[in-house]
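Trainee: Now for the letters of each chain:
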Amino acid sequence: MPPIIEFRNVSKEYVLGGAVRQQETLRELLMRKLRLGGKVEVEAAVKQRFWALRDVSFNVNEGEVLGIIGRNGAGKSTLLKILSRITDPTTGSIEIRGRLASLLEVGTGFHPELTGRENIFLNGAILGMRRSEIVSKFDEIVAFSEVEKFLDTPVKRYSSGMYVRLAFSVAAHLNPEILVVDEVLAVGDMSFQKKCLGKMSEVSQGGRTVIFVSHNMAAVQNLCQRGVVLSQGKVLFNGGAEDAIQQYLHSVAGTAEQGHIIDLLNAPRTAKKIRPRLLDSMEFFTDGDVAMPGTMPMGAGLKMRIRFNFPDPVESFDVGIGFDNVYGQRVFTAHSCFEPERDGGTHVGPQTFVCNIPSLTLVPGEYVLRIWLDANGREVDLVNEAARLQVIESDYYGTGRVPWNGVFVLKHHWYSEKANGVSSNS
Amino acid sequence: MNGSYQLVIKPRSGWQPINWHEAYLHRELLGFLIWRDIKIRYRQTLLGGVWAVLQPLMAMLIFTFVFNRLAGVRSDGPPYPLFAFAGLAPWIFFSNALTASSNSLVANQQLVAKIYFPRLFIPIGAVMALLVDLGFSLLLLFVLMIKYHWALTFHALELPVYIFAALLSASGLGLIFSALNVNFRDIKYAVPFIIQMGLFVTPVIYPVSYLPARLRPLLALNPMTGVVMGFRSALLGTPMDMSVLRLSLIVSVVLFAAGLLIFRRMERRFADII
Numbered sequence: 000m001p002p003i004i005e006f007r008n009v010s011k012e013y014v015l016g017g018a019v020r021q022q023e024t025l026r027e028l029l030m031r032k033l034r035l036g037g038k039v040e041v042e043a044a045v046k047q048r049f050w051a052l053r054d055v056s057f058n059v060n061e062g063e064v065l066g067i068i069g070r071n072g073a074g075k076s077t078l079l080k081i082l083s084r085i086t087d088p089t090t091g092s093i094e095i096r097g098r099l100a101s102l103l104e105v106g107t108g109f110h111p112e113l114t115g116r117e118n119i120f121l122n123g124a125i126l127g128m129r130r131s132e133i134v135s136k137f138d139e140i141v142a143f144s145e146v147e148k149f150l151d152t153p154v155k156r157y158s159s160g161m162y163v164r165l166a167f168s169v170a171a172h173l174n175p176e177i178l179v180v181d182e183v184l185a186v187g188d189m190s191f192q193k194k195c196l197g198k199m200s201e202v203s204q205g206g207r208t209v210i211f212v213s214h215n216m217a218a219v220q221n222l223c224q225r226g227v228v229l230s231q232g233k234v235l236f237n238g239g240a241e242d243a244i245q246q247y248l249h250s251v252a253g254t255a256e257q258g259h260i261i262d263l264l265n266a267p268r269t270a271k272k273i274r275p276r277l278l279d280s281m282e283f284f285t286d287g288d289v290a291m292p293g294t295m296p297m298g299a300g301l302k303m304r305i306r307f308n309f310p311d312p313v314e315s316f317d318v319g320i321g322f323d324n325v326y327g328q329r330v331f332t333a334h335s336c337f338e339p340e341r342d343g344g345t346h347v348g349p350q351t352f353v354c355n356i357p358s359l360t361l362v363p364g365e366y367v368l369r370i371w372l373d374a375n376g377r378e379v380d381l382v383n384e385a386a387r388l389q390v391i392e393s394d395y396y397g398t399g400r401v402p403w404n405g406v407f408v409l410k411h412h413w414y415s416e417k418a419n420g421v422s423s424n425s
Numbered sequence: 000m001n002g003s004y005q006l007v008i009k010p011r012s013g014w015q016p017i018n019w020h021e022a023y024l025h026r027e028l029l030g031f032l033i034w035r036d037i038k039i040r041y042r043q044t045l046l047g048g049v050w051a052v053l054q055p056l057m058a059m060l061i062f063t064f065v066f067n068r069l070a071g072v073r074s075d076g077p078p079y080p081l082f083a084f085a086g087l088a089p090w091i092f093f094s095n096a097l098t099a100s101s102n103s104l105v106a107n108q109q110l111v112a113k114i115y116f117p118r119l120f121i122p123i124g125a126v127m128a129l130l131v132d133l134g135f136s137l138l139l140l141f142v143l144m145i146k147y148h149w150a151l152t153f154h155a156l157e158l159p160v161y162i163f164a165a166l167l168s169a170s171g172l173g174l175i176f177s178a179l180n181v182n183f184r185d186i187k188y189a190v191p192f193i194i195q196m197g198l199f200v201t202p203v204i205y206p207v208s209y210l211p212a213r214l215r216p217l218l219a220l221n222p223m224t225g226v227v228m229g230f231r232s233a234l235l236g237t238p239m240d241m242s243v244l245r246l247s248l249i250v251s252v253v254l255f256a257a258g259l260l261i262f263r264r265m266e267r268r269f270a271d272i273i
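Chains as they are written, first to last, in numbering that gives the first Met the number 0: chain A, 0 to 425; chain B, 0 to 273.
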């Protein structure tokens, strides 16, 4: 069976001048056509071009849930816009064999002056539903949105949560063969997000083809079988979702300009007293001993190998690593003095010391690592901003949702207890 | 499941044919867009739909006073207020429709940038939504005709033809202006000006017979000339110059066709520059 969607060398070029100066005025056009003054300015604007997509080719098979991931500006949105026929590719083509509906933004076409009921019909029609289809699904849409009581209120009086819930509900009841979804899960409160994700997996399990674009790796991990990683308009990776996420992490990490080995010897020190530089390097690995350039999913294992040198013999030493969040708060300290079993004896020359964290459960974000070395009970070296560690979202709780506040995640359970007996639900 | 629907997306350039099949598939959306425009037009206004008749009524009163009483302009048959109103009803429809449709793409830029559907529906829907207002002003005209004891004849059955011609004229120009407005916001300033001037080169205030015969073909190049003449002839039974009417109606058809083609040609760049 041929693939349901075939992208063949799709490229899209944008003219930056046009984007900056939204519209050329009539005067400028006339001047350009008549070759009067202002020519230089216009030409300069025309020359700034860039390729938002460059030779993108891949296939999507029927019934597949495909995630498209990539950083901001990687070309994801442009790809979806072309797929949705909102804009034309500059070169290349896409062949689609099925009815496609796209959801680039929830609530497109909602009119603030219209009531919830009226907007359901209008938005449904805009998204490509037949009137009869909307009528038959109306009750379902209303129930899903939880705004029954306000159906006859203009949506401009809705809270933003209600608005988004109604908008998503209409969209969620679309019934195309191919559904294209952009980041819509990042809406509403937590309970509604869960509902949306549930609906998404229901859709994908219903044998429909779904193309899903997101920054939310947890959702991608949870929903998608396959992933395409875009980077600077090109396909960086096309394969299993798990591998795609790994590739994405690597591409994100690449921008931090930090390899998996960090030079500590030449890192700047802030200590006033001039001391010999003892700390030599630090390496990041995953718990599977794969080199990792400073970006890791939340909850994954982290191994840090630290190399240092003792020119003179020391009786005892310790290494400390502090994790500071972007607000400068110390969120976690790993220190070898907490390690119960250590080798005794005298240490001299190059040393290698490994810190293994089986599951680093800090919430997604960037952390600055401070590293220091004690010898014979005294601090002998310190690097304040030794390395950066990027923790990114992952499906830690297995629900496809990730916490957005707090400092770390912990495994925990909730259950209800009845007054007279015990009823649990794990 | 597959094979039922197949689509190839590729770069387009130059003139594009009109995709009638697609327009037919989305026909319900056109209905919804018209319904939306009608619903929201007078939301949160005190007078609501009264505005639809107030505008031609006030214009008729002022025109009768200024042009008929003060300047001595005569109609070619019916009482001047009826004559003026029968011309103002389609003219006001045209001017409101042209204003609305010229701004329609920019006003709906969220839709243009985020969803695909036949974009033609936006300016055409904006024009069609104003048919309701035209209907209201025609009702008022019937009331006025009773007041002036002016009988309606079987010629009234010809009215749909002229309403259709008004629709074509407003849509044709609206399609061109709305597409240009995406690129050149100058249109926003040009349209009120064009409408203001248009009133004087359309026989709304004066009958066509005021013009020397050699100038009439020139007047016929204005598509609204035929519409205004047709409205008067159908409703009030005024005599008319058939050659002027015919030419003017042809111009409205040509204008609509040109509007469709120009719009289709410019359409592919809307989402990128709006």
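By construction, these hints were calculated from the structure, which means they are not laboratory data. Each residue gets a CB set at the ideal place from its N, CA and C atoms; glycine is no exception. Worth double-checking, as some hints may not be accurate.
In silico lysine-lysine, DSSO-like type, Cα no more than 30 angstroms apart, as pairs [claimed, not checked]:
no.: 1; chain 1: A; residue 1: Lys233; chain 2: B; residue 2: Lys9
no.: 2; chain 1: A; residue 1: Lys194; chain 2: A; residue 2: Lys233
no.: 3; chain 1: B; residue 1: Lys113; chain 2: B; residue 2: Lys187
no.: 4; chain 1: B; residue 1: Lys113; chain 2: B; residue 2: Lys38
no.: 5; chain 1: A; residue 1: Lys136; chain 2: B; residue 2: Lys113
no.: 6; chain 1: A; residue 1: Lys148; chain 2: A; residue 2: Lys233
no.: 7; chain 1: B; residue 1: Lys113; chain 2: A; residue 2: Lys198
no.: 8; chain 1: A; residue 1: Lys302; chain 2: A; residue 2: Lys410
no.: 9; chain 1: B; residue 1: Lys9; chain 2: A; residue 2: Lys193
no.: 10; chain 1: B; residue 1: Lys9; chain 2: A; residue 2: Lys155
no.: 11; chain 1: A; residue 1: Lys193; chain 2: A; residue 2: Lys148
no.: 12; chain 1: A; residue 1: Lys148; chain 2: A; residue 2: Lys410
no.: 13; chain 1: A; residue 1: Lys136; chain 2: A; residue 2: Lys194
no.: 14; chain 1: A; residue 1: Lys198; chain 2: A; residue 2: Lys155
no.: 15; chain 1: A; residue 1: Lys155; chain 2: B; residue 2: Lys38
no.: 16; chain 1: A; residue 1: Lys193; chain 2: A; residue 2: Lys417
no.: 17; chain 1: A; residue 1: Lys136; chain 2: B; residue 2: Lys9
no.: 18; chain 1: A; residue 1: Lys417; chain 2: A; residue 2: Lys194
no.: 19; chain 1: A; residue 1: Lys193; chain 2: A; residue 2: Lys155
no.: 20; chain 1: B; residue 1: Lys9; chain 2: B; residue 2: Lys113
no.: 21; chain 1: A; residue 1: Lys136; chain 2: A; residue 2: Lys148
no.: 22; chain 1: A; residue 1: Lys194; chain 2: B; residue 2: Lys113
no.: 23; chain 1: B; residue 1: Lys38; chain 2: A; residue 2: Lys148
no.: 24; chain 1: A; residue 1: Lys233; chain 2: A; residue 2: Lys136
no.: 25; chain 1: A; residue 1: Lys136; chain 2: A; residue 2: Lys155
no.: 26; chain 1: A; residue 1: Lys233; chain 2: B; residue 2: Lys113
no.: 27; chain 1: A; residue 1: Lys198; chain 2: A; residue 2: Lys148
no.: 28; chain 1: A; residue 1: Lys155; chain 2: B; residue 2: Lys113
no.: 29; chain 1: B; residue 1: Lys146; chain 2: B; residue 2: Lys9
Listed next, the stretches of chain A that the computed footprint assigns to chain B, with coverage defined by at least 3 CB atoms under 8 angstroms from CB atoms of chain B [stated by the list, open to error]:
no.: 30; region: 98 to 104
no.: 31; region: 338 to 344
Trainee: So, for every hint listed, does it hold in this structure?
Mentor: So, going through the hints one by one against the coordinates:
| no. | hint | in the structure |
| --- | --- | --- |
| 1 | A:Lys233 x B:Lys9 | holds (18 angstroms) |
| 2 | A:Lys194 x A:Lys233 | violated (33 angstroms) |
| 3 | B:Lys113 x B:Lys187 | holds (23 angstroms) |
| 4 | B:Lys113 x B:Lys38 | holds (23 angstroms) |
| 5 | A:Lys136 x B:Lys113 | holds (24 angstroms) |
| 6 | A:Lys148 x A:Lys233 | violated (48 angstroms) |
| 7 | B:Lys113 x A:Lys198 | holds (22 angstroms) |
| 8 | A:Lys302 x A:Lys410 | holds (21 angstroms) |
| 9 | B:Lys9 x A:Lys193 | violated (37 angstroms) |
| 10 | B:Lys9 x A:Lys155 | violated (39 angstroms) |
| 11 | A:Lys193 x A:Lys148 | holds (22 angstroms) |
| 12 | A:Lys148 x A:Lys410 | violated (38 angstroms) |
| 13 | A:Lys136 x A:Lys194 | holds (17 angstroms) |
| 14 | A:Lys198 x A:Lys155 | holds (26 angstroms) |
| 15 | A:Lys155 x B:Lys38 | holds (15 angstroms) |
| 16 | A:Lys193 x A:Lys417 | holds (25 angstroms) |
| 17 | A:Lys136 x B:Lys9 | violated (34 angstroms) |
| 18 | A:Lys417 x A:Lys194 | holds (26 angstroms) |
| 19 | A:Lys193 x A:Lys155 | holds (25 angstroms) |
| 20 | B:Lys9 x B:Lys113 | holds (19 angstroms) |
| 21 | A:Lys136 x A:Lys148 | holds (18 angstroms) |
| 22 | A:Lys194 x B:Lys113 | holds (24 angstroms) |
| 23 | B:Lys38 x A:Lys148 | holds (22 angstroms) |
| 24 | A:Lys233 x A:Lys136 | violated (40 angstroms) |
| 25 | A:Lys136 x A:Lys155 | holds (23 angstroms) |
| 26 | A:Lys233 x B:Lys113 | holds (23 angstroms) |
| 27 | A:Lys198 x A:Lys148 | holds (23 angstroms) |
| 28 | A:Lys155 x B:Lys113 | holds (20 angstroms) |
| 29 | B:Lys146 x B:Lys9 | violated (62 angstroms) |
| 30 | 98 to 104 | holds (count 5) |
| 31 | 338 to 344 | violated (count 0) |
Comparing the model with each earlier hint shows violations of hints 2, 6, 9, 10, 12, 17, 24, 29 and 31; every other hint is respected.
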